[in-house]
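A.B. asks: Below are the chains, spelled out letter by letter.
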Amino acid sequence: MKKIMYLEFERCIGCRSCQAACRECGGHDAKERNYVEYVDFLESRQTFPMMCMQCKDPACARVCPANAIQITDDGVVLSAMEEKCIGCRNCTFGCPFGIPKFDFEENKMYKCDMCYDRTKHDIAPMCASVCPSDAIRFIDHDEMMELRRKRTQLNLIEGKKPSENNKWQYVPEFFGVYSD
Amino acid sequence: MTQFIVKPGTKNLHHEGEKLITTHCCYCAMQCGMHIRVNEKTGKVVGVEPRYDWPVTLGKMCPKGVTAYQTVDHEERITKPLIKKNGEFVESSWDEALDLIEKNFKRLQKEHGKDALSVYGGVSMTNEKCYLVGKYARVALGTRFVDYNGRFCMSSAAGGFMKTLGTDRGATLPWPELEHTDCFFIAGWNAAECHPTSIQWLWKARDKGAKMIVVDPRETQIARLADVHLDIKSGTDSALANGMLHIIVRDGYVDEAYVKERCNNYEEMKEKVKEFTPEYTSKITGVSVEKLEKAAKIYGQSPRSVVMFCRGIEQQSKGVDNVSIYTSMALLRGQIGKFASGVATVTGQGNGQGGREHGQKADALPGYRKIADPEHVKYVAGVWGIKPEEMPKAGVSAYEMFDEIQKGNIHAMHVMCSNPAVSAPNTEYVWDSLRKLDFLVVSDFFMSETAEFADVVLPATTWAEDEGTTTNLEGRVIRIRKVKDPIGESKTDWQIMKLIAERMGKGKFFPYENVPQIFEEFRLASKGGKADYYGITYDRIDKEDGVFWPCPSEDHPGTPTMFKEKFGTPDGKANLAVVGWQEPAEIPTAKYPHTLTTGRVVFHYLSGTQTRRVKFLMEQCPLPYAELHPELASQYNLANGDKVKLTTPRSSMVLDVRLTKAIRNDHVFVPYHWGKELSVNQLTNPALDPTSRMPEFKVCAVKIEKV
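These protein sequence lines are chains A and B, in that order. At position 96 of the first sequence the residue is numbered 96 (the UniProt record's numbering), and the sequence of numbers has no breaks. At position 216 of the second sequence the residue is numbered 216 (the UniProt record's numbering), and the sequence of numbers has no breaks.
Next up, chain B with everything else stripped away, as it sits in the complex (with noise of 0.2 angstroms):
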């Protein structure tokens, strides 16, 4: 398990009595490379060492990336399986919890049927992992209801780049060739905070020329330097990337021969987009009229430009026409499957990408198969080794979970790798839910909201005490290595996986006595697939840097640029977008008049669950704010420090006023990464995308009063 990849010529620093392993930050799709240094006589992690020759971070990490190692050792670690009994959770023998699980199961199956019991996935964790949740949910208890927080990620991405180019893979080119891209048009993307290591290529190529256009309700670290910052309203992508179109059709700057040749839809597209003249776009989405033509003139007239964007305009009810009039953007221009230019959506998990192609979702199945295809079910009831009636039906999507709950539908869940007590939509109506279930099972490495709901926790493992894959944002399959052995009774979610499948009599299906074991079944389960990983090998990824999928077999090169020749619809077309303006779920009113928009800040990842309990982070940043343009503070009489009360139509909450200008003076910003009380999501809006089921997280109105 140890190994320690570094290429000739380069220097790191290697402290007597310490090892360094090779791996990648557990945070964040960048996945940056680094080497964590391992004390050779007590086993402990101690610190982390730059992983200067990995070609897409060159060493950079965030200060969530340097600290991550300190979770591994961690005091909070649970250690034993926790049973709660009178409403406090007691230390128990796996066998003990197991046989409890087993119980219940099976309890609840006879009495309400197979789809009483449910499974919430994650995309931290490895390709492996994610894989077997879909196996484990469909083959171990035979249930259709599984589905994971992705959901509140990047399934709007997922749905647009389905619809409009036919394959979802996040970035169409590979991160480094940013350096010597002419133009970067950003929407809500606040890069600065959320991939802080992507920044470097961004600034070379700005060392170099390179025009920026930055979409944002905030005048965040990179739209403050752009070339125009185009301060949205939030929740008007649509409108805005549409107003994009027109100019860009109406001044001629669209590459005629590629759109002809490679996109569908362009007349209809025209007449769509005549409406939104810059006069009526800036009157939706205000952003003035000068500022739009400007962003038009520079991006239209650059010869190589990537459109990027992330959670800013996804999580919206209307996540995927967003994502595809965006797309459109880059298509008119021709700049899909050419060097250094493209579209990217910037994915958050750190296997947001591999996570979302192989299974967990409601409706899908490994290789980005789909349940509903006869074929499909057939090939992957095949790897399983069951018979194709046995598979399922489709499920429902993360948040409708709780809705199933709340009908009685569903009466058992499983959370692995996640936090929904935090990070889901109106949090008060899942805390409800997850009361309302008869038994809840919550593998995690430390007590987080949801595991305090729980009947059973199960002590999983860190990413350092397991092996595997994953997939960063630009679809570049990269290997995790093992650091360390699991501390105390923990083990790893594959293992709890096999366990619980024994238990419930499905054990065959489960044979694994190792991490490559699953992953040899993996690669054929994906085989054939659009997100084909069938050639890639854990020998091919330390030699070449990673393998970009889709790679069918293993004198296949692997993909960095995608759609070079065709794209992944069925006619090799892409379909523009015509799609027309919608307004958000909730727009202000006299009663709620301004509007609330959520988001990270660059010291925590997702629900906090670990970085809430890294001390570094928590110094910077020990609870969340809501930031407020002066001008609308003075309105409220509130000044820096200040308590005010935030009210939306679901809940209300209390926290500290941080003043700033570079916010749009009609909007708050709370940052997310909290729970209970201090949770942004009691708050937010949970109006569904109708495609990608994607909460709209980002828009909601909200009433302001000082307390």
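Okay, chain A solo, but in the shape it has when bound (with noise of 0.2 angstroms):
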């Protein structure tokens, strides 16, 4: 897989699109693996998208007992194998993402597997196709770096160059809240 996932919080309006979008994926027994939260519904309206962070090194792997997360060789984290997990949910409190769930009536653990069907052709994840922000985005590495200079090019094409101690300019005004 040559192709990364890229997340942009603050382009998110929040429609849950992407959890829709998760059931949707052949295996994924109609349950989300990813969500949607308000920072702060009573301040403002802005949300943002959690999804697995495919860790290299994965706390949820970590944490299992039974040995039950698996690592594809190109470095998405599986679900726990069925025969092998044991139902302690050691993995949901591991997490610091809150990703891994677990199904009580089933009696196993279920997570984001980045959509491996799909992915492992190159085609978008579920949540990455349909987000219609391009908050969640399945791109290449180098689109990416291209993406992170970018954004510093624009500060100071906007005239916000970052200083230090002045973290509230190096947010790009063209996403930030206006501060004239």
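Quick caveat, the hints were computed from the structure, so don't treat them as lab data. C-beta atoms are modelled at their ideal positions from N, C-alpha and C, and glycine is treated no differently. Be careful, since some hints might not be right.
[Said to hold, decoys possible] A short list of chain A residues far from chain B (calculated; beta carbon distances all over 10 angstroms):
hint, residue
1, Lys2
2, Glu37
3, Phe41
4, Ser44
5, Phe48
6, Met50
7, Ala59
8, Ala66
9, Gly75
10, Arg89
11, Phe93
12, Pro96
13, Lys101
14, Asp117
15, Cys131
16, Met144
[Unchecked claim] Using 16 angstroms as the maximum straight-line C-alpha spacing, the simulated EDC-like pairs for lysine to aspartate or glutamate come out as follows:
hint, chain 1, residue 1, chain 2, residue 2
17, B, Lys204, A, Glu8
18, B, Lys370, B, Glu389
19, B, Lys204, A, Glu146
20, B, Lys615, A, Asp29
21, B, Lys661, A, Glu8
22, B, Lys80, B, Asp485
23, B, Lys11, A, Glu146
24, A, Lys150, B, Asp485
25, B, Lys11, A, Asp122
Need the complex rebuilt from these two chains, each delivered in its own frame; the hints are there to steer you.
C.D. replies: Dropping the structure here:
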């Protein structure tokens, strides 16, 4: 797999398409493995999407006493293997992003597998495919690096050269709070 | 009926034992491209696959779009005709149902004249069907009473565009050009919730530094990110837009050459907007002078800008005025008819654009022709094979049909693709009217709130069980493909209209065996009109990713950008709006001290008949709620989750409180997608715009009480 998931939280519009689409992935049993939350609805409508980071050294797998959580050669962290999972739910507590969930009826853990049946063919996962605001993207590593550089460049164009102790201005104006 | 269309190099996931059929979403006018997954053995619809190569939406979908397929094989589908006997619906055969319809339609017309019958259509269906609704009412039933739910949706935009630009096409530019725009002036459009897949274009432009000005009483997702959020009081748009014109004129942002060459009324308009100083505008709208100045400065200096608006400014008793003035903003800056700039209304319903052009409207005939024009009547009568004198006169608008029922002029109604028991304002009056009808026929595929009032419910098909064309919000004509055969005994709306026409002895005017035959006749009927579809064919739509009307001949490329050389008015010039300020029909008083406004949530569509039956969407948003600013809530000792009773001069209802600072502190917002006691339209004001006959859903005075 040559592509990566790229998240830009500030683009999120809270539509929860990614959640609906997650349920549509083959083998997902109509259960979503990601979530979208308001930062604080009382203050504003800002939301953010959260999906599995597919960590290099995943906490969920490390805390699994049965060694049930496998990582593919591409680096995708899979749901616990049914025959190995003992249902202890350690993974759901271990993950700092709150991604692994537990199905009490089936007595098994489930989590994002990055739509493995799609991504192994280089087809975008369902969440990134449908995200109407491009908050979730499935792009080449090079494209991601370019996007990151571009944001810095735009800061300069907008006259918002990042300065020390001034994190507020480091937020690009076009996606931040207007601060004139 | 199977067709999978994909461009070379685009990868899609094909599951084994399934086929993909290329079509578009059934919901809003973004008409997002999608492939529907069908199980080849069972023939059932099993899912959705993004259509990455559809140029308008690039595979993106909102949660409604992702789950749209779930309504097709839904367990609550009506699969047989239902007849109400002793207050209960009983399944019947088609013959029995049609016998009953024939008997009652003929009896009522004999007793009360031709106009005793009425047809209430909708624009969430294909052009072919929308076209046929007008013909069905006027030829098969011979009544003048036909209108459609577009009166609650986009008729003010149509009225405003007709007045200023002479032709009503939703957007003067194709959507992908938005990426190159420098400034968006957005009024009354909750883009993130109502048309989520548009956001990608706005954000792309923002990545390049485009500015965004948002006019909304709520701090919506896009308002939060805007360069200037004009937090306007509901119903004061005509003052705000005039205030913008004032500053544009005052500070010399006018494209004088463009205005001189292409617009009328400039001097009169300048005179009119003199009084709308920022101070005066600020007093009316509640927006600070600084924000008004800043917005006008950004907008006025942007080389390429688009003025975009939606129901927020249109669903008002002066919606047409609002549209005209906002459109004049684009005209003054010389933006219309150019690249990546112009003006756009963002249509709410799937085929809101196409459905309003072809004769479903009380006073209109196909191709945007007018029933008042004898030449137009002569042409369409010729296509239909009737005598011009047989063409009924103009009827009345959707809401006024309920007045006609109350007056005893309309005795029977056939409702198609619509749910006025939820979507009309002042619903208790509408419910009473529906009860007063001698005979009500409803075609629907779910038991809608309106269908519950019916004497006969006919099982219609979903969008996936029929083919045809729709026209998206850009004016691009696109193709809906048949995904599977209709379930049970359900029939398409055109088949139903044909069957009833036959019973009324008018079968020879409806000789259709398939949809392409209707399309051929419809092309001819629109030929020579403003909305000319004559040059559009199914093949061209597939080859060219849709064709933009007007397209008068098969070798015409279509018209992605409107008004490049001249406008649609008789003299080819646009008419700048010369309109004063006028209060909304209802303003806060001591008894009703606050303002109530209504709108959509991202999880539901229109009256919710479909989306309230989809599990994911109901999990996200099961009930309506009252959104209040904590400052307003504290005056009534209301906390999050408390029950609040909202009362307007029409009625009252109880809702859960949701507190957020992202709304004006004198406004209450309630979403409208629910029926019966949960319907906020029990409270809304049926004050109609004098031109478009659009009710004022967006503003009424309300009293708040803690329960």
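A.B. asks: Take a quick look at Ala66 of chain A and tell me if its Cβ sits farther than 10 angstroms from every Cβ on chain B, holds or violated.
C.D. replies: holds, 31 angstroms
A.B. asks: Lys370 of chain B and Glu389 of chain B were given as a pair; does the straight-line alpha-carbon distance stay at or below 16 angstroms?
C.D. replies: At roughly 15 angstroms apart (the allowed maximum being 16 angstroms), Glu389 of chain B and Lys370 of chain B satisfy the hint.
A.B. asks: With the threshold set at 16 angstroms, check whether the alpha-carbon distance from Lys615 of chain B to Asp29 of chain A stays at or below it.
C.D. replies: This hinted pair holds, its Cα atoms lying about 14 angstroms apart.
A.B. asks: Determine whether the non-interface label on Cys131 of chain A survives the test: each CB of chain B must be over 10 angstroms from its CB.
C.D. replies: violated, 7 angstroms
A.B. asks: Was Phe41 of chain A rightly flagged as not at the interface, with every chain B Cβ beyond 10 angstroms?
C.D. replies: For Phe41 of chain A, whose nearest Cβ neighbour in chain B is about 5 angstroms away, the distance does not exceed 10 angstroms, so it is violated.
A.B. asks: Over 10 angstroms to the closest beta carbon of chain B is the bar; see if Ala59 of chain A clears it.
C.D. replies: Correct as stated: the minimum Cβ-Cβ distance to chain B is 28 angstroms, above 10 angstroms.
A.B. asks: At 10 angstroms, judged by beta carbons, does Glu37 of chain A keep clear of chain B as stated?
C.D. replies: Given that every Cβ of chain B is farther than 10 angstroms from that of Glu37 of chain A, nearest at about 12 angstroms, it holds.
A.B. asks: Is the Cβ of Lys2 of chain A farther than 10 angstroms from every Cβ of chain B?
C.D. replies: Check passes; 13 angstroms lies beyond 10 angstroms.
A.B. asks: Is the Cα-Cα distance between Lys11 of chain B and Asp122 of chain A 16 angstroms or less?
C.D. replies: holds, 8 angstroms
A.B. asks: Just double-check Met144 of chain A for me: nearest Cβ-Cβ distance to chain B has to come out over 10 angstroms.
C.D. replies: holds, 14 angstroms
A.B. asks: If I take the minimum Cβ distance from Ser44 of chain A to any residue of chain B, is it greater than 10 angstroms?
C.D. replies: violated, 5 angstroms
A.B. asks: Take the C-alpha atoms of Lys661 of chain B and Glu8 of chain A, compute the straight-line distance between them, and say whether it is at most 16 angstroms.
C.D. replies: violated, 24 angstroms
The structure fails hints 3, 4, 14, 15, 21, 23, 24 (numbered hints given earlier, in ascending order).
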